[in-house]
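K.L.:
Single-letter residue listing:
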Amino acid sequence: MTADGGWVWLYGVTGDGAGAVAADVPGVDGRAPRAIAAAGLTAIVGDVADREYGEVALRRNLEDLDWLARTARAHHAVLAAVAERGPVVPMRLATLFTDDAGAAGTLRERAADFRRALAVVDARSEWGVKAYAAKPAEPVLDAASQAAGPGAAYLRRRRAQLNASKDARQEALASARTVYAELGRVAVSARLYPPQAPDLAGQPAPMVLNAAFLVADKQAGEFASAVTGLATEHRFVQLTMTGPWPAYSFVGEGDGPGPR
Amino acid sequence: MTGPGYDPVVQGERIALVDLLDRVLAGGVVIVGDVTLSIADVDLVRVSVRALVSSVSALMDSMDEPRQEYG
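Heads up: the protein sequence lines correspond to chains A and B, in order.
Under this note's numbering, the residue at position 161 of the first sequence is numbered 161, and the numbers go up by one with no gaps.
Under this note's numbering, the residue at position 29 of the second sequence is numbered 289, and the numbers go up by one with no gaps.
Keep in mind that the hints were calculated from the coordinates and are not lab data.
Just to be clear, a hint being listed does not mean it is correct.
What the hints assert, rightly or not - Covered stretches of chain A (chain B as the covering partner; in silico rule of three or more C-beta atoms under 8 angstroms from a C-beta of chain B):
| id | segment |
| --- | --- |
| 1 | 36-50 |
| 2 | 64-73 |
| 3 | 229-239 |
| 4 | 242-249 |
Note that CB positions come from ideal geometry on N, CA and C, so glycine has one too.
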């Protein structure tokens, strides 16, 4: 624990930290971020209190959705502000050290990894693209169906609805694959997240694609145009785009190459 | 880092919590060592956030094709 009985929260790592600390952004626990320099790198850290961020309290708080939301937003606010000023390697939420020396030690031990990751995210941003299956069109009934008895008409209509719905889902999945591949051509790399559940995504339609792309900043316009173009082209999906994000999805060891 | 293609629909809107949690709980660098607790082991959080962070097996099961085929 630090001298004042707290812990050191690590937001992310930058190269030369001068001016990139985002000290004007209230961080996690309402404390302004500060910098720790070591090995030619800068750790953007903040001090957090033991009563809320100590091991026992943290485990409990991570189960509390309101606490988690507040903390995630504070973590992100600092990283987003730092990312506006230069490349930053984001840490996963709740990366905590016992003191400054611990954070500095990690900078030294993993300096090569951090430099490599900084090179990957330099002058690039992450963009999120999600696709939702569009609602299938109501099937049109022909005269024969209308002329048949009510029971037969119902069965026909039901079969047509099921077919339309199945076709629409197949088309949506096919579109999602195409969108992912096409956007990957404009991106440096790409990563898939599991689709979000409809009630959580705030959309009744099922999500068929939840992807992140690392895009060169100078190609951000081209990427956005590609998203717009694909949205027009693929009527079985509805596309949404988020970003720019700090490159959360492209700094981990397990992140594979893009779809190319 | 704000490019000319910044989506006007998204800009200015509050970032959706699900999108943020996807990234801060499953992205970012994971460090083990002099750390009290890192969510390297996401299972810790999954207990209550499982539905939110997705992994959404229910939805995946309802899809006809596995997600790996995108890759």
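K.L.:
Indicate, hint by hint, whether the structure satisfies it.
P.N.:
Against the structure, the hints:
1. 36-50: violated (count 0)
2. 64-73: Result for this restraint: holds, n = 6.
3. 229-239: violated (count 0)
4. 242-249: With 6 residues in contact (Cβ-Cβ under 8 angstroms with chain B), the coverage given for the segment 242-249 of chain A holds.
Figure legend: structure checked against the earlier numbered hints; hints not met, in rising order: 1, 3.
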